[in-house]
Structures are given as C-alpha cells and as structure tokens.
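Asks: Below are the chains, spelled out letter by letter.
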Amino acid sequence: MLRYTGKRLLQLIPVLFGMTFIVFMIVRAIPGDPAKIILGQQASKEAVAALRESLGLDNPWYIQYFNYLGQLFTGNLGESIKTGEAVSAEIYPYLAATMELGFVAMVIAIVIGVNAGIVSAWFQNSWFDYSAMILALIGVSIPIFWLGLLGQWAFSVELGWLPTSNRFDPRDPVEAITHFYLIDTLIEGRFDQFLDVVKHLILPATALATIPMAIIARMTRSTMIEVMRSDFIRTARAKGQKMFWVVYKHSLKNAVIPVLTVIGLQTGLLLGGAILTETIFSWPGIGRYIYDAISSRDYPVIQSGILIVAFLFVMINLLVDLLYSVIDPRIKYD
Amino acid sequence: MTGITPEIQLPEEKSKARSPFQDSLRTFRKSKVAVVGTIIVAFFILLAIFGPWIAPQGINEQNLKLRLLPPSSAHWFGTDVFGRDIFSRVILGARLSLLVGFASVALSIIIGSILGILAGYYGRWVDTIISRFFDILLAFPSILLAIAIVTALGPSLFNALLAIAIVNVPNFGRLIRSKVLSIKEEEFITAARAVGMRDTRILWGHVLPNSMTPIIVQGTLAIATAIIEAAALGFLGLGAQAPQPEWGKMLADARIYLINAPWTMIFPGLAIMLTVLGFNLMGDGLRDAFDPKMKN
Amino acid sequence: MTEPLLKVKGLKKYFPIKAGVIGRRVGDVKAVDDVSFEIMEGETLGIVGESGCGKSTTGRSIMRLIEPTAGEVYFEGKNVSTMSKEELRKARRDIQMVFQDPYASLNPRHNIQKILEEPLKVHGIGNDKERKEKVAKLLEIVGLSSYHASRYPHQFSGGQRQRIGIARALMTNPKLIIADEPVSALDVSIQAQVLNLMKDLQQELKLTYIFIAHDLGVVRHISDRVGVMYLGKMIEISESEALYEKPLHPYTQALLAAVPVPDPDFMRETQLLTGDIPSPANPPTGCAFHTRCPLKMEHCDQRVPLLIEVEPGHSVACHLYTEAFSNDNK
Amino acid sequence: MNNEPNELLRVHNLETTFFTDDGAVPAVDGISFTLREREILGIVGESGSGKSVTSLSIMGLIPSPPGKITNGEIQFGGRDLTKLKEKEMRKIRGNDIAMIFQEPMTSLNPLFTIGKQLNEAILLHNKGWSKKQATARAIEMMKLVGLPRAEQLIKEYPHQLSGGMRQRVMIAMALVCDPQILIADEPTTALDVTIQAQILALMRDLNERLNTAVMLITHDLGVVAETCERVIVMYGGQIVEEGPVKEIFESPQHPYTRGLIQSVPDMRYKKERLYSIPGNVPKPGSIKKGCRFAARCEYAFERCLNENPQIYHTNDHHISRCFLAEEKEVALND
Amino acid sequence: ACGEKKDSGSDGDKKEKVLVFGRGADSVKLDPAAVTDGESLNVTKNIFETLINFGEQNTDLVPGLASKWETSKNGLEYTFELQKGVKFQDGTDFNAEAVVKNFERWMNGNAKKFPYFQSMFGGFKGDKNAVIKEVKADGEDKVIITLNYPQAPFLKNLAMTPFAIASPTALEKEGKNFEKKPVGTGPFTFVEWKRNDSITLKKNEDYWQKGLPKLDKVIFRSIPDNSARLNALTSGEIDLADGINPSDAKMIEDNPNLQLFKRPSLNVGYLGLTVTRKPFDDKKVRQAVNYAIDKQAIVDTFYEGQADVAKNPMPPVIKGFNDSVEDYKYDPEKAKKLLAESDYKGETIELWAMPVPRPYMPDGQKIAEAIQKNLEDVGMKSKIVNYEWGTYLDKASKGEADAFLLGWTGDNGDADNFLYTLLDEDNIGSNNYTYFKNAETHKLLKEAQKEVDEEKRAKLYEKAQEIIHEEAPWVAIAYSTPLLAGKKEITGFKAHPTGSDRFDTIDFK
Ligand SMILES: Nc1ncnc2c1ncn2[C@@H]1O[C@H](COP(=O)(O)OP(=O)(O)OP(=O)(O)O)[C@@H](O)[C@H]1O
Ligand SMILES: Nc1ncnc2c1ncn2[C@@H]1O[C@H](COP(=O)(O)OP(=O)(O)OP(=O)(O)O)[C@@H](O)[C@H]1O
Ligand SMILES: [Mg+2]
Ligand SMILES: [Mg+2]
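Residue numbers (this note's numbering), protein chains in the order written: chain L, 1 to 334; chain E, 1 to 296; chain P, 1 to 330; chain W, 1 to 334; chain H, 1 to 509.
Treat the hints loosely; a few may be bogus.
To be verified - Sample of chain H residues with no beta-carbon within 10 Å of chain L, all distances over it, derived: (1) D90; (2) L212; (3) Q296; (4) K319; (5) E350.
Unchecked claim - Below are the DSS-like pairs computed for lysine-lysine, each with C-alpha atoms no more than 30 Å apart in a straight line: (6) K249(L) to K132(W); (7) K18(P) to K184(E); (8) K12(P) to K184(E); (9) K381(H) to K65(E); (10) K180(H) to K65(E); (11) K271(W) to K206(P); (12) K143(W) to K296(P); (13) K246(P) to K246(W); (14) K65(E) to K373(H); (15) K87(W) to K249(L); (16) K289(W) to K30(E).
As the list claims (entries may be wrong) - What follows is a list of derived Cβ distance ranges for each label pair: (17) L295(P) to G23(W): 56 to 62 Å; (18) W245(L) to F21(E): 40 to 46 Å; (19) D22(W) to L295(P): 53 to 59 Å.
Because the hints were derived from the structure by calculation, they are not lab data. A virtual CB, placed ideally from N, CA and C, is assigned to each residue, including glycine.
In isolation and in its complexed conformation, chain L is listed as follows (with noise of 0.2 Å):
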C-alpha cells in the first residue's frame, strides 16, 4: 500500500510538471498587459513601465517559466502581483472556502444521489425509478448557473429563506481558525453561528451538488444493476438473506467502486462549476479568486490557483484509486 502510494505519487511527477508548463503557457498567452492592469486606467505611461520592469516581465518567457519553476521547487508560489502578498500565504482562505463548498455539495450529492441510484435499481421500474431517473436526466442537463440563480431568486429574494451570498452574516462574522466555518463554530461553541454557516452553504452548496448528484445516481442505479445481476448476489439470497442487506451490504460494496471513480472525476466537475457558483453567491472561494485574477492578469495567483485546484483533483483521484484498494482486496498494489 506504502509502496503503492510511493508509486503513484512518483507518476505524478511528469503529470505535475507538463501541468505546470500547460499554465505557464495558457497564462503567458493572455493578452493585456498585467501592469496596465493593475496601475489601472489612472496609470501614466512611466508608472506601467517602472512596473513592468520590476515584475520582471519583459524577461523572455523560458526564463519567466525557469524562474517560475525554481521559485515552485522552493515551494514558493510567487506573489500576487495586485496584492503583493506571497501566493501560498493568502490561497488558504479561499481554498478553504471552496473546500468547504465542494465537501458540503459532494456529501449532498452523495447522500441522495447514492441511495436514490440504489432504491431505483433495488425497485427498478417502478415509479420511483423513474422519477428519479427522470430528475436524474434534467439535473445533468441544467445549466448549474441559471439553476443557482433561480433558487437565489425564489428562495432569498421572493421567499427569503435563505440568504443570497457569502459565507457568513457579516455582522456577527465568524472567527476564523481552520477557515472551514463549519468546524470552527462550532470549535468556539457558537451554535447560532454555525447554524447560519449552514444556511448560507444550501443554496449554492446545493446548485453545485445538483450534477454530481444526477451523475451519482445514474452511475449508482447502472452499476447496481450490473452487479444484482451477478452470480454472488444469486448465492447471498440463496442463503435466505434479506433483500436489504444484499443491496446494501453485497451489492453496495461491490457497486463502489466505480461509483468511487465517478465521484473523484465529479469532484473535477465540482472544482470547475466553482467559479459559477461562487460567482453566483459571492462565495469567497478559489474559483472566484483564480477568475477575479484574470481579470486582473495576475499570473501568479492564475498559474498557482489553478496548479493547486488541478493538483487537488489529482490528489483526490490518487486517493480514490488508493481506496480501491481498501474496498477490494483482488486490488493488490504490489
């Protein structure tokens, strides 16, 4: 397992690194000149040229990329050009945010699309199934912003349930200690707080789960299939085992596994629909922050931002495929 781990990790590294330069590339490409942008409209032809200069940008790009990529292997993820500030120091936040979003909207989608996936194919054809698997089919075809945007309407606009954005009430803001508010609520014991944590997170936790959710429970409802229709299930009722228990014990875990791989390229799928989202309900979350940096050439903070939201969705799969290994025991890794 060790050893395993040890590998793929090793594999990663060409990944990483054509991954770096893809970036590096992409970013490079964008026209506008960052300076201009950061000194804004304002800016006087001397003050962009003094600039320029001193973020070294008039260097060739390989030397641009070499630097970038010594300054990485110094774990250093450059400096945001708008603030200033080191990369590595001010992600976290964000990264939190987006982490807390993404883990709330996966167990969302999880929870229901799991075991919606398994009671229609439990009871397949049956109206549950197809309404499910109907619900299913629209919750993949829905554009996930004109969703968000109508459940902001109706429930906080109209209705006002629910409030339209960020993550907290900024009057009685939270104390960050983990940035997951969540969990830092409820570390100080402020239950009123997480409670509006949680009010906050449904709406644009739920918009972001809606396709997760939908592709779940098809992959769910599909693969179970498959393997109720396997031998060994015959054998478990064979035995006189209730049908719940062969879903859920036999089946379920046999389901699991591409069920698992679904979920870790859904989180991909989360990671992306982010910047939707977030842009939606003003979640101060990585996606917004890599798309406000585009907006402001940051290169830094583009480059880093999205190496970092790949390089969790790669870590994410790696442990995907590691937990294959913990379910099925014909996985042997060495």
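Since the structure of chain L is already known, use the hints to place chains E, P, W and H with the ligands on it.
Replies: Quick look at chains E, P, W and H with the ligands alone, frame taken from chain L:
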C-alpha cells in the same frame, strides 16, 4: 462432395440479413427515452435550420420603446432590454448552441481519434507521450481549463468552441485508445492476423469501425456537455458576443433583470435545458442500443 | 520417412511479470516451456491438458501470433521463426487457425461474405466474382448455404458460427490448421457435428490438424497422435491408441481416470488426484507434477525429467521411466 | 411404489416465462417431477433447455422482471413455494433448500472474506448464535468438504482460492444449515477434469453421509452416469424423458436422449464417426407447433410435426415425451 | 481579532449601530498611497484623512487635517497649518513631523509602490518631472511644501484619498504589513479583513471631530455581481449597496424599505474614435458618427435616465465646462450626408464594447449593441468586439480599436484631470486612447496647467473644448449619476462625486 455432414435447416424464421447496426437501431427506435430525445434534438435542429423563417423577428431588431415587456401574444417570451423579441432570439440561438455542440465535439473526435489510435496501436513511447498528455489535460477541471484557454485566445464563440474541443480531446482520445487496446485483444483481430492481414488494414478495417459506436454514444453525450459549457462560457462573458443570441450570453445579459423581468432569463435557460436534455436522452438511448452491456 | 510438415523445436514462451515504478521484470509466467514435436502431412496431433497449461500459447506461438521467447518452428522445412514480417504474412496462407470462441472470433460488424473473402483479399487471390464463388462453395462445404453470406454473425447459432470459422480457415487452401478448442463452447449434439465436419474436411482436402482440446474424449476421436501438456511442458506424446490404452505418465493416467464416462456400469480403478494445479508463474521445482503425483519419488522435486521415447512413437517425461529406461540399459 | 423413499419436493406443471422485448419466452414449459429423500437426481439437457430456470424457480430466485412463474406449483413440506411470501421463502432458502452454482469464480462475493460469507449463511438461520459459534461451525464444514487449512482460509478472500477450492467453499456454504435439498447447477462445468472428479466424489460422499437430497444439473452425460440415480432429460423447456440412470443409458426411449448419448465422444473407444443430431438447439418458444424435437428427429413422422406429444410411461418409473413411447405405454397398461 | 462576542444585539438598550456596505470587489491593500483601485480607497477614506478635504458633495476644497493653507505668489510654495490635538488611532500624535514623514515616504518610493503619487505629482525624488521639491516642518503645527514648478491642481491633488496621512509609528512598526493593518486619524479604526469577503471597521472613540462618527461599526462586504448585491440588500443582509444598475432604480424607489442615493456626476462616458485608424482619420466620419448616435435614447434606456446626455469631454460640475458648445443633434440624415462626403467606403468597423460595468457606463455591451444599430441605420457596418477588461484597456491604449466605449471618473474634480489626461498628445499610449493630437489644444492645456488664476484657466479650457468638439475624436455620451441604494432608515449619507464616501455622518433612524 461426399461425406460432408450437411447442415439441416430447421424451419427457421426467414430472418433477413441484419447488421448489428440495424439491430441496434431497432432497439433504439423501441426505446421511449431515445425517441423523446431524438424528437427534442430533431426539433432543435429544425429550429436551427429554419429559425430565420420561423422567428417573427431578426436577431437584432431593436425597439427601445418596447423594452422589457412581459410575455404577451405579440411577444410570446416577452422582450429584452432592447425591445427585441426573446422568442425570436431563443429560436435563432438554437443555431449557435448546436453549432458549438456539434463542431466542438466533431473536432475533439477527430483530434482524439488520431491521438488515441496512435497511442493504442503503436504503443510504447508514442503511447506513453500521448497518454501522459491526456493525463495532464484531464488533471484540470475542464471548465477551468476552458476558461483559461478562452481568456488566452480572446472571448468569442469560435474560441469557446475551440476551447471546449481541446478540453474534450483527452476524453475521446482515451476512449478510443482503450477501445483500440481492447479490440486489439479480441479474438477476431487475432483471427485477422492469423489470416495474414496487415496491421494498417486491421486498424482501418476492424479496429476503427468497431470503435465507432462508443464514439457515437459518447459523442452525443459530449454534445450535451459542450452546449452547457458553451453556455457557461457565454454566461461568464467569454463565449458568444453581442448581438449573437447565444443562450448563455442571453442569460448573462438578463441576469440584472432577474427581479424586474424574470422572463428574460427563464426562457433562454429553459432552451438550454431542453436541448441538453434532448441530447442526453438520445445518448442514453444510443448507449442502450449499441452497448447492450450497459443496458439496464 | 518423409519430412514432417511442421517441426517444433524447443518452443518457449515466457510472459514477463512486471512490477515497480518502471515495470521491472520480477519473474516470468512460463506459459510454454521447451516444447518440441513434429507433425506429418495429413496427420492430426491432439494437444490436451488442463486449463492454463499452455495449449493456446503453443498454438499461437507456432503461427507467431505471439512472438515465442525461444525455439524454432519449421514449416515445410522453412524456418518460420526467422521469417520477416512480410514472409510470415505470406506463410500464413498455408497455416490457418480456428478459434475456441465462435462468438468472439468473428467481427460482429461484417457479414459472412466479408468475413470469408477477407483472407483472399489479404493475399490478393482472385477477383470479385471468383471470391464470391469461393465463398459460396465453402459455405456449402461446411454445411451452410450460399444465401447465408449476406447475414451477420449474430444471426447464427454457435455451431453455425464455428462452421463459418472453419470455412474462413479453409479459404486460402491451407495445409495446416491449428484448431484451438474448436468445440469446447458447443453443445454436445453440435459438437459432434463439427467434429465430423472437421474429419470429413481433412479427408477431402488432405488437411493437417493441430487439435487443441481439454476434453480427452473429443481428442481421441479426431487425433492420430496426442500430446499431453502440464504446466507449459509436454509430458507425454504418443500415437493416440497407445496413449489411451496404456498411458505412461502418472498425470496422463490420472487425467484419463478423471474423465466421467457416459456409462453407469463403468467402474473406476485409479485413484483421484488430490490438490490443485500449481500456477505457471511459480511452477514447482523438478518435475512440475510432483506436488500431485501419487507415485512421487525422492528426487522428483529436484530434477526435471526429459521427454524420452520409451516405446516406439511414445515419449514421456517422467523419472519413473528415466530410471527404468536407464536401468534397462545398464 | 410404497417402499420408495418419501417425496421431498414435487414440482407440478411448472411454467416460467420471461417477458422480453421479443415477446414472452416460455423457458420452462409445464414440467412436473419429484425429488425424493436422499436421492441424487440428475437433470441434463443442452444449453438453453431450461435447467437453470427450473432450479431458480424452485428457489424463488427468478430475476423479475423479466421472469415470472406463470403456472404450476412447487410442493415442499406441505406448502406451495410459488405462493409463499418473500419473507417465508427466505426462511426456506439456505435453510431447507440450498443451492450452488456453475461459476465458482463469480458466485462468491469478491469483497468479503470466506469466513464472513460462511458466517452470514450460518447466522441467518441460527438466530442467537454467537460469531464464535458460527466460525466454529464454518471451520467444521470446511473440513468436511475437504478444504485444507480451514482456520486460515476463513480469513482469505475468494480470489486467493483456486476454482476447485471455491467450489468446495460454495458446497460448504450450502450445507452449513443442513438443508434437506441441495440444488447444484452445473457445479463442475467450469472446472478442469481432475478437479471435477474431486468435486463429484465429494458430492456423492456428502449425499451419503448427510442424507441430503441432491438435484444435480449438468449437460454432461458422463457426470450423470457417474453420479446420479435418476435422471431427467430436458429439451426446449420440457422434460422429454425421465427414469433411472441405468435404464436411460441402456434403453433410452426418446430419440433425443438416444442421440445425446450417442453423440458423446467416449474416451474409451475411438469411433470413426460420431453420431450427431442434425440441426440446432431451438430457441425456447420458437417452435409453436408439434414436437419440439421433430425437426431434428430421424424418426419423426407426420404427427410429430403437428401435435406435441404428451408424457408416456414406458414403465412405472420411466417416462418419455414421444409418440414412439405411446405404444409401449399402451403395452404396459395392457 | 474582535474579541467581544455579543448576542446578536437583541438585548440591551444600547443597540450597536452596524452598517454593512455592499460593494463590487474586495480591496487590494489598505494603504491608500499604494493602491489605485476605488474599493481600497473607499475603505481607507474612513480610516485615514487628508490634509485638505473635498466638499461634502463636490470637489471644492475644505479644511481637513490642515485647518488653513497659503500659496506663494509664484505658486511654488505652500504652507499648511495643522489641526491641533489630533491623534492617530494608535495613540501617536498627529503633527508636522508626521506629515513630513509621510511625504518623505512617498517621495522616496517608486511607481510600483506609489502609483498615484507618480501620476499626480510627476515623479519621485530626483525625477526630472517631479512636482514636489521638498517638504519641511515648521514647528509642531506647520508644514511647508516647495514645488519644482507650479502645478495648478496641486491642492486638489493633495485632497485625493491616496495622499492621506498615516501613523508614522505604525508605518515603522508594521513595515510591509501596514497595508493589512492600517492606522490613520480617521473616524473608524480597522478591525478585521476577511479576504474577498469583508472588512470590518469600528468607531474611533477618540476621533477629533466631536460627535462623529455616529456608527459603531462599518462592514465592507464584497458582492461582485450587481444583481446579487441588490438581492442582498433586498433581503436585508446589507444596509447600503454600491453599483446599483440604473434599471433597478425604479424598483428601489417603489420599495418602501429602500431608498436611492445618487452620486453627483464627476464622470463622462464616451465612444472613442481612434483618429489614427481608418475611417476615423477623417473628421467628417467622426462627425457623422456623432450625428448618427441617438444619445438620448441610450441615456433613457441604459442609464434609465440616471444620467445627462454629454456634449463635452468633462462633466458640467467642473470649473471650465463650456456650456456654449452646441451638441451634435441626433440626425441620421445629416450623418449619411457627411458619410457620403467622406472617405468612408462602407467597410465594417470594429466597435469595442466594454466588458465590465463602470459608473460612467453601466452596461457597455448593451450600449454597444444600440450604437451598432444606430450606425447601421446610417450605413456604417460594425462588428462588436469584446475583450476581457484588462486586455481591452491595454489594446485600446495601443490604438488598436476603431471605435471603443470607455469613460473616466475624475480623481480630483479638475479640468486638467479630464482634458489633458484624456485628450492631450502627451498621454497618447496611456489615457489618450483615441490618439487625438492637436497643436492648439496641446498649447492651451499646457498653459492651463501652470496658470494659477482660476478664471483665466477656465477660459483656456473652454477654448480647448470648442476645438475638441469640432474635431470630434469622441462621441461624448453621458455624464452619469452612479446610484447607490440603502435601507430606508439610513440618514446622513452623502455620496461623494469622487466615489470615495465618508461614513462618519451616517446614522440609523
Ligand atoms: N498475454 C499473456 N500475458 C501473460 N500471461 C499469459 C498471457 N497469455 C497466457 N498467459 C498465461 O500463460 C499460461 C498458459 O496460457 P494458455 O492460454 O496457453 O493456456 P491454455 O492451456 O490454452 O488454457 P485454457 O484451457 O484455459 O485455454 C496461463 O497461465 C496464462 O495465465
Ligand atoms: N433473465 C432472462 N431473461 C430472458 N430470458 C431468459 C433469462 N434467463 C433465461 N432465459 C431464457 O430461458 C432459457 C432457458 O435458460 P436456462 O438458463 O434455464 O438454460 P440452461 O438449461 O440452464 O442452459 P445452460 O446449460 O446454458 O446453463 C434460455 O434459452 C433463455 O432464453
Ligand atoms: Mg486456451
Ligand atoms: Mg444453466
């Protein structure tokens, strides 16, 4: 010809020669889901083709006096801030969304097939390089990568199309690679080799045609995704540009009228959803028909 | 005696077992380990053995569908092992193969016409019309009708498909046909049809067969000579009558004893084998069979027995006979 | 008749149909037979003749949809199994009637240890047993079926076992609750001959020692000849012949049975030509009129093509579904 | 940071007065001298103070930290008398030394560190264009600033938020961290900053102006999307919202819980016509475009009437505005005629549309669409081109656009900040995006920079506007009134034309 055991014919049903493809089409036609999907898709394709004749107004017939009118018999879907007929714009938008969907997927399939076949058939370092390249691209959440690419290329519908195509390449590439690999191991390929067939001929005559159906299935589903992605890019201002009636862009434009004039954003959103749903249904139907193993 | 049609010498196929980051080779699956035999023209050599003993690998290595690790194969005196790709391709005209799975070995997207004329096209034989005629003729030969040519594989039953597979192998008028378990996927009644067909064709067309099977009953009916494989090695090879009447190797004996006989009155004499077949990735030392052998002797687990002709035309690889043999000759 | 052992199971006019896209397929079409205490009853027939469907019908495990028992009854212990509720049926499965399947490779759940799967079967029908007791019983059964190192094996996963061992585990699992009936659906088809011989010997042995009645389903006449006392021959979803093994082999009454026996290549002698039944095994439901075997039958006459023969008794324990047997029955009755 | 935990303020008679201000983006840094973005300045405006202030809702000069000031005859020496008894929020005394230290800090900086200083005062110590020569203390309460050459808008520049006085102690102590922990003399003290979410300020209890501020706490919350921000206001999550879409004005006015605030206009939105590019190198074409565009309709539709149709490149509130210039009337026929006389051959022009809403142009995309239609009506085909904002500015400044939408918000309410900055040849490549170059206006504008006499100066600018009008490098579209909205209970809020608001006078009813 003595001594050869003849095959005695059962009074078998006079079945005609039916290729698996025809068989699949029959299954496809029988599936309600698939039929509904096909109807929706066909409907939007017709809109795309005949839109200019159906739509009561052109794309950009502004009449600032008629702005933000709610749906009425004159303007079924109401009007937008320029006093343009939303119904007409939604109809005319079908062309753009389908264009992006089909063109980007076609592009990814072409590039993906070439790379996938190279990797799958030639193996070794070619495979290593191409597969790594796919890995790298796949390591990025796709929308994020698409956004980055469009930002670099400059926002436009064409660039959005291009970005979506690039982002999808590894999906097809991998699919085709794995198809090639698995078909290579099929016994009928061994049989072809045993007969003395050349590699290239095996590739074109056996491997490729047998990879087609998963590509068609995946392609249909990818069109659905591509349409949503294009709309998302449009929504972020990175896709289609004014006055193109692209649905995502219409949503973005309508966003500030959410409270005053909700119809401006309800209809384009519905249009996206319906089209995407159509492709998804059709894709599902195709998968069930062509890939019976996946059928449930 | 004339030259054998096919001569296999010291054939080996090791599949590497890879591990580690760079796919280091940590061992081998010795799928075929030093197998030699000969086949005369018009003869049928049956190869039997339990699953995983290397029968298919042997068959495929002969045709170089998998590159053998070592060994030489002579076909009509020409060394197949050293042929260039192009020469090999041409040679395959004379050596054809019939596969076990009649479902998987036909391209589901091609109709029978296309499947059958492909070998002709590949070798540039005939024009369109001639090819069509040949397809029709061969369909008749294998007991199907020419109108079947436009149908697709899935429209046929298993037995019919296997007939198509055989027809395909016959298209180029080959001299040797390697049939890899051609009947094991078929029902008993159908199996008999196909076996009869193959026998008839052999007489008709002067074919030579390598007939791979795990069913000893089937092998007996079709083979002139039979080779028994165990864990990648040929452990006994002989005229089929001799082998079935008087098996020499303890494994062959056990194998024959294990086959259920469709006769309720039949009484079994020999004791059953115990234990499982070892893995070819990690074969036992010495004689591979010693772990299950009821007659195991002291040094069986150390020395590898060689295949030795014990009686005329009957060779066996077992220390029982090496001892006996050497003792006899002392 | 009276000195024969008691009937355990009586299947009467069982009809199981699959409702597929291509219409209703009567996979089992009105079969009746009995299974007696302590006997080994063989069911032979070529692929698709309805052997498995028969056994699954008895177990109440017909995949539904698309399958359904459309007619007939299955009497066991004074009850009609086709009428039982799922809950009651569960009590019978594994406890009174146990089943093992063709594919030892796929019939065990790959993700649970052998021990866990055995324990599950034990604990299901022995409420109140402790895990320890269950494990002890499991080990006992494993030893009984000749598995070496039972104590270690219970901690291992199915993939770590060879095919023969797995089939032994399956048998042990079927027998843990001392069932009255063991249905074995082609238990050795996937195994090599030497292993097959071991398993068959084991089944005979267990049948003697535990007095379990066995229904052995196979397509191999050799297996039947060596193992069974009585045999049922199925063709196209119907029973075409039934009788004591000896009689069947010595004087088969149905042309199909005769053909089948003759076409088996016997290892003991070389035949120049094998006997072969012409034509193909028909798809169930494809022959609507006449005897299902008529098209392949060399004795077929006019009547066979138009009328489906009923079952004729050629003696008090031998039946045949062939008009040729009509005379014999008449003769018998005379 | 904010130690005290309160129970949502429901109990207790002294309810905390908290104002949540919703705005479009987060601040970049809270060191006013180091930033250029409005969202940073807006916050620092409440933490820091400048020597001179602008008037409540105009750009007249009123005392700030300096109670009085004098200018020497030659316009090269300024003497400031400072308020007494002022303390920085960290307890440091505010005095002449503190002011000098601030100036020294800026003057020793560079363009990257203090971009506004570079822009407004020509350069740093030793630069040849530097305006400020030296800054000296004259006792505790007097500061003297000497210039290298006269700069007419010098005092106005000093009143700009970036040149607020920071606590020298804190500057020294915090170093680079000062931008995250600002300390000034202003009405509010910095408490906490949650990036991309909110900045919290609390009342400066020792504020030198008695009775101010009225609020206990101000929270700046960023909600990037205009409609989302309005949603948040409607649902009560925020109390005051910046950047209200004109289209929502009516709804807000109709809402009994909300009120609309109008920011006096100090901006101009325009369509620039790059005079170096075909077909706009022809004056007739430029004039034709001016006739072709129905500005009133645009103002009505996209500014929802919250703007005046513009005719000059600067808004009327600024001294020197030439009201006698007669605007081009909407006259498609005349436009067609002019086009026919011109070199224009019917080629399709690129019409660049601003991708982001700005106070001077709430929806560039849509305005571009409307203009496109206007142009089409007179026979000029155009293609709307879009770039991401940064690229847009960059490319436009390189003269790559044919016609482009843009605008400008004044920094200090001086005509120079519009006419010279936007239309003088000196600023080609930076803010003169049309590449307009005219010897006459150049002379006039240069002269005006050094003219200390207000009236004479105004005349010079009026003349320049006439020439610019005739040459028509722009279609001046609108002087917009940016909108804010707040809860009904808010009193005492005066939106400032520069866009930076002081919250010290705000109270809740
Ligand atoms: N491509 C391969 N890579 C690695 N090992 C292989 C490969 N092909 C076959 N083997 C191994 O070689 C051994 C012999 O395989 P082969 O297929 O020749 O057996 P066989 O006698 O034909 O068995 P069966 O009766 O099951 O067809 C097996 O252990 C198998 O696992
Ligand atoms: N799930 C199913 N859906 C549809 N038809 C089925 C299904 N299961 C079985 N059948 C039909 O029932 C017929 C009998 O099947 P069954 O499995 O009983 O055959 P069998 O005698 O066990 O054959 P084999 O030797 O291949 O196991 C088959 O021809 C098949 O068409
Ligand atoms: Mg094989
Ligand atoms: Mg079966």
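Asks: Next, verify each hint and record whether it holds.
Replies: Here is what the structure says about each hint:
1. D90: 23 Å, holds
2. L212: Nearest chain L Cβ is 22 Å from L212(H), so the label holds.
3. Q296: Answer for Q296(H): holds, closest chain L Cβ roughly 27 Å.
4. K319: 20 Å, holds
5. E350: About 15 Å separates E350(H) from the closest Cβ of chain L, which puts it past 10 Å; holds.
6. K249(L) to K132(W): Satisfied, since the Cα-Cα distance of roughly 21 Å is no more than 30 Å.
7. K18(P) to K184(E): 21 Å, holds
8. K12(P) to K184(E): The given pair, whose Cα atoms are some 23 Å apart, holds under the 30 Å limit.
9. K381(H) to K65(E): 23 Å, holds
10. K180(H) to K65(E): 50 Å, violated
11. K271(W) to K206(P): Holds - the C-alpha atoms of K206(P) and K271(W) are around 20 Å apart, at most 30 Å.
12. K143(W) to K296(P): 25 Å, holds
13. K246(P) to K246(W): 28 Å, holds
14. K65(E) to K373(H): 14 Å, holds
15. K87(W) to K249(L): 18 Å, holds
16. K289(W) to K30(E): 29 Å, holds
17. L295(P) to G23(W): 56 to 62 Å: 59 Å, holds
18. W245(L) to F21(E): 40 to 46 Å: For F21(E) against W245(L), whose Cβ atoms are near 43 Å apart, the range 40 to 46 Å holds.
19. D22(W) to L295(P): 53 to 59 Å: At 56 Å between Cβs, range holds.
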